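Asker: From first to last, the protein sequence lines stand for chains F and L. Last residue of the first sequence? That's 574 in my numbering, and every number before it is there in order. Last residue of the second sequence? That's 574 in my numbering, and every number before it is there in order.
Among the hints, a few may not be true.
Treat identical chains as interchangeable: a pair holds within one or across any two.
Said to hold, decoys possible - The calculated lysine to aspartate or glutamate pairs, modelled on EDC-like cross-linking and capped at a C-alpha distance of 16 Å, are:
#1 Lys-471 to Glu-553
#2 Lys-342 to Asp-308
#3 Lys-454 to Asp-310
#4 Lys-342 to Glu-511
#5 Lys-433 to Asp-344
#6 Lys-549 to Glu-318
#7 Lys-433 to Asp-343
#8 Lys-433 to Asp-409
#9 Lys-311 to Asp-344
#10 Lys-454 to Asp-381
#11 Lys-549 to Asp-413
#12 Lys-483 to Asp-409
#13 Lys-471 to Asp-343
#14 Lys-483 to Glu-534
#15 Lys-360 to Glu-318
#16 Lys-433 to Glu-543
#17 Lys-311 to Asp-280
#18 Lys-483 to Asp-343
If you are wondering where the hints come from, they were derived from the structure by calculation, not from laboratory data. This one's a predicted model, so the numbers in the text were calculated from it and none came from an experiment.
Protein chains: 2
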Amino acid sequence: MGTVAYDTVETPEGRRDDQLGGSASYFATAASYFASVGIISVVGRDFDKSDRELLEGRDIDLSGLHEAEGGTFRWSGQYKDDLNSAITLRTQLNVLEKFSPSLAPAHADAPFLFLANIDPRLQHRVLDGMAQRPQLVACDTMNLWIDIARDSLLQLLPRVDTLLINEAEAKQLTGARHLPQAAAGLLQMGLKTLIVKRGEYGAAIFSRKFGFAMPAYPLTKVVDPTGAGDSFAGGFMGYLAAVGDLSEEAMRRAVVAGSVMASYAVENFGLERLAFLTVKEIDARFKGFEELMRFHPLGGGQGLPLRTRYGG
Amino acid sequence: MGTVAYDTVETPEGRRDDQLGGSASYFATAASYFASVGIISVVGRDFDKSDRELLEGRDIDLSGLHEAEGGTFRWSGQYKDDLNSAITLRTQLNVLEKFSPSLAPAHADAPFLFLANIDPRLQHRVLDGMAQRPQLVACDTMNLWIDIARDSLLQLLPRVDTLLINEAEAKQLTGARHLPQAAAGLLQMGLKTLIVKRGEYGAAIFSRKFGFAMPAYPLTKVVDPTGAGDSFAGGFMGYLAAVGDLSEEAMRRAVVAGSVMASYAVENFGLERLAFLTVKEIDARFKGFEELMRFHPLGGGQGLPLRTRYGG
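Please model the entire structure based on the sequences and the hints provided.
Answerer: Encoded structure:
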């Protein structure tokens with residue numbers, strides 16, 4: 263559940279007008295490589311047939327994509343040198359203003375539910391409408407809701423399994439200056455697992471049982487950062503749904519899978535890269551992360567080559 | 263070769279007046295856990311006997327630590343909420359102003375040489391004075407030298423094996439907006455290996471043959487970031503000297519060893535933590551990084567659980 267939008271984006275690499283975007287589009291496209299996925303969202307009468315076909319071409323179930331009177335949600339933004347943060351130029355909610363997500367029976371039974379960044383009251387409502395508690399519920403949010411719907415958001419945390427947010431939001435939500443403190447605060451608020459998206463600095467898992475951290479893929483060219491976080495979430499949840507495993511080991515790999523999808527998403531505007539990947543490319547970048555992060559661990563009882571006399 | 267200083271430091275966690283610091287002190291202390299190390303630097307007549315004893319207690323060779331008329335180099339700085347960057351309040355060069363490093367014969371044969379952040383002309387001079395080319399020469403620098411001694415610095419790059427700098431400096435030196443571009447630029451300038459220190463975001467290696475990247479250790483409390491980069495360099499070079507191996511595999515582990523030492527250094531003021539570590543603690547944090555970064559790689563011919571029909 264999230265948005266389907268027409269984005270107008272300007273980056274140092276160029277510009278696109280009214281490109282297909284929105285959290286649900288990016289999430290579902292990334293997830294579709296791993297698992298069967300459907301979108302719960304709304305578009306206006308102006309939603310283009312070719313955009314519908316693009317998503318359906320990725321086998322995304324659009325039975326939950328409602329069409330309402332009015333225009334599709336529109337966002338326009340700009341990225342300057344700092345590709346980590348977008349400058350919003352204009353937001354037109356349009357049909358999103360009166361959006362009240364209703365669940366088709368097929369969706370009410372979904373074993374994996376992602377509540378993308380949207381008013382937390384809508385996130386609650388979708389969760390309320392599920393016929394049974396999904397195996398995994400994850401959600402995202404943003405600074406706006408932390409500011410204006412904080413209570414509703416705090417009530418959501420114990421209801422979900424996983425919160426996927428960016429580093430600044432994790433700090434804002436808790437008032438902590440440093441990420442590990444912010445993570446500890448969120449876990450104390452009743453959250454089970456926190457996944458932090460750190461843009462060009464990678465991603466991390468914080469849970470009561472373990473921690474995982476990884477760098478981002480060192481891309482020499484980032485064309486359009488829009489949708490990177492939702493593409494990450496789609497790879498993350500798509501991987502978990504595909505393996506049907508929520509163990510620590512699976513979560514670690516899922517974060518790598520999410521990073522793979524995000525790294526491809528930003529290589530071109532909108533879905534221009536993300537929607538056209540091959541199995542080979544996805545596998546290759548997963549292996550690229552293995553290669554990037556690997557180092558020989560300390561063997562069995564063996565330690566580092568430390569000078570014992572001066573080491574203790 | 264670097265500085266030995268008295269630092270006055272204020273951080274959100276407290277304050278210390280005239281604590282033993284300087285790049286050479288941090289570097290040598292960190293390296294001393296792995297290998298035999300000596301300092302080439304200068305102090306004033308005010309250099310305290312207890313500080314000399316602290317370094318000698320770690321078996322650091324101080325025969326290259328000259329004592330000159332005047333006061334020891336003094337730096338005073340402050341860290342506010344952003345622990346990644348210090349605000350310099352005062353710098354008193356004192357004896358450093360006329361420092362002209364001269365090498366004792368024992369040091370002229372050193373197989374590993376670290377040229378800490380100092381005027382690049384002094385870095386050249388030390389390198390000129392070596393009896394033979396060391397197996398590994400690494401150097402650091404800072405924004406000041408990039409501004410005022412750029413030519414000398416650029417001439418140094420092809421003379422060293424490894425440049426260890428922070429992310430902002432790598433970008434400043436090349437004018438690139440993003441780290442991978444900056445790294446590519448530096449390798450084109452004749453540098454063999456670039457090690458980038460990213461503070462709370464970890465560290466990375468860029469070379470023509472491979473790349474490595476790792477996150478920082480998720481510390482819940484950072485007391486004093488001063489010396490983190492030099493402690494990193496000390497762990498990095500100390501490890502390489504201990505194993506006597508400059509292969510890609512050794513470099514990857516050396517960056518982890520550097521990260522271990524940096525993560526301990528910042529846990530207390532000055533050398534208060536770094537100089538009093540045990541072998542067990544160092545091994546434990548190395549294993550902590552293994553645990554933090556590990557994920558199951560793709561097996562042999564096996565790929566991710568991708569839906570081949572919709573995967574391209």
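Asker: If a hint holds in the structure, say so; if it doesn't, say that too.
Answerer: Going down the list of hints, with the structure as the test:
1. Proximity of Lys-471 and Glu-553 under a CA criterion of 16 Å is satisfied inter-copy only: 12 Å between copies versus 26 Å inside one chain copy.
2. Proximity of Lys-342 to Asp-308 under the C-alpha cut-off of 16 Å is found in neither arrangement, the shortest distances being 30 Å within a copy and 50 Å between copies.
3. Taking the closest pair of Cα atoms, Lys-454 and Asp-310 never come within 16 Å of each other, the shortest separation being 39 Å inside a single copy and 52 Å across copies.
4. Proximity of Lys-342 to Glu-511 under the C-alpha cut-off of 16 Å is found in neither arrangement, the shortest distances being 37 Å within a copy and 38 Å between copies.
5. When the C-alpha separation of Lys-433 and Asp-344 is checked against a cutoff of 16 Å, the pair qualifies only between copies, where the shortest distance is 13 Å, while the shortest distance within a copy is 19 Å.
6. Neither within a single protomer nor between protomers do Lys-549 and Glu-318 lie at most 16 Å apart by alpha-carbon distance, with minima of 29 Å and 46 Å respectively.
7. With identical chains, the CA atoms of Lys-433 and Asp-343 are at most 16 Å apart between copies only, with a shortest distance of 12 Å across copies and 23 Å within one.
8. For a Cα distance limit of 16 Å, the shortest separation of Lys-433 from Asp-409 inside one copy, 13 Å, qualifies, whereas the shortest one across copies, 34 Å, does not.
9. Within a single copy, Lys-311 and Asp-344 get their C-alpha atoms no closer than 34 Å, and across copies no closer than 49 Å, so neither meets the 16 Å cut-off.
10. In this assembly of identical chains, Lys-454 and Asp-381 lie within 16 Å of each other by CA distance neither inside one copy nor across copies; the values are 21 Å within and 50 Å between.
11. In this homomeric assembly, Lys-549 and Asp-413 never come within 16 Å of each other (Cα to Cα): the closest approach is 42 Å inside a single copy and 40 Å across copies.
12. Taking identical chains as interchangeable, the C-alpha atoms of Lys-483 and Asp-409 are never at most 16 Å apart, the minima being 33 Å within one chain and 27 Å between chains.
13. In the homo-oligomer, the alpha carbons of Lys-471 and Asp-343 never lie at most 16 Å apart, since the shortest distance is 38 Å inside one protomer and 28 Å across protomers.
14. Taking CA atoms no more than 16 Å apart as the test, Lys-483 paired with Glu-534 passes inside one copy only; the shortest distance there is 15 Å, against 42 Å between copies.
15. Taking the shortest Cα distances, Lys-360 and Glu-318 never come within 16 Å of each other, neither inside one copy (25 Å) nor across copies (72 Å).
16. For a Cα distance limit of 16 Å, the shortest separation of Lys-433 from Glu-543 qualifies neither inside one copy, at 34 Å, nor across copies, at 30 Å.
17. Taking CA atoms no more than 16 Å apart as the test, Lys-311 paired with Asp-280 passes inside one copy only; the shortest distance there is 14 Å, against 70 Å between copies.
18. Taking the closest pair of Cα atoms, Lys-483 and Asp-343 come within 16 Å of each other only inside a single copy of the chain (12 Å); across copies the shortest separation is 31 Å, beyond that limit.
Checked against the numbered hints above, the structure breaks hints 2, 3, 4, 6, 9, 10, 11, 12, 13, 15 and 16 and satisfies the rest.
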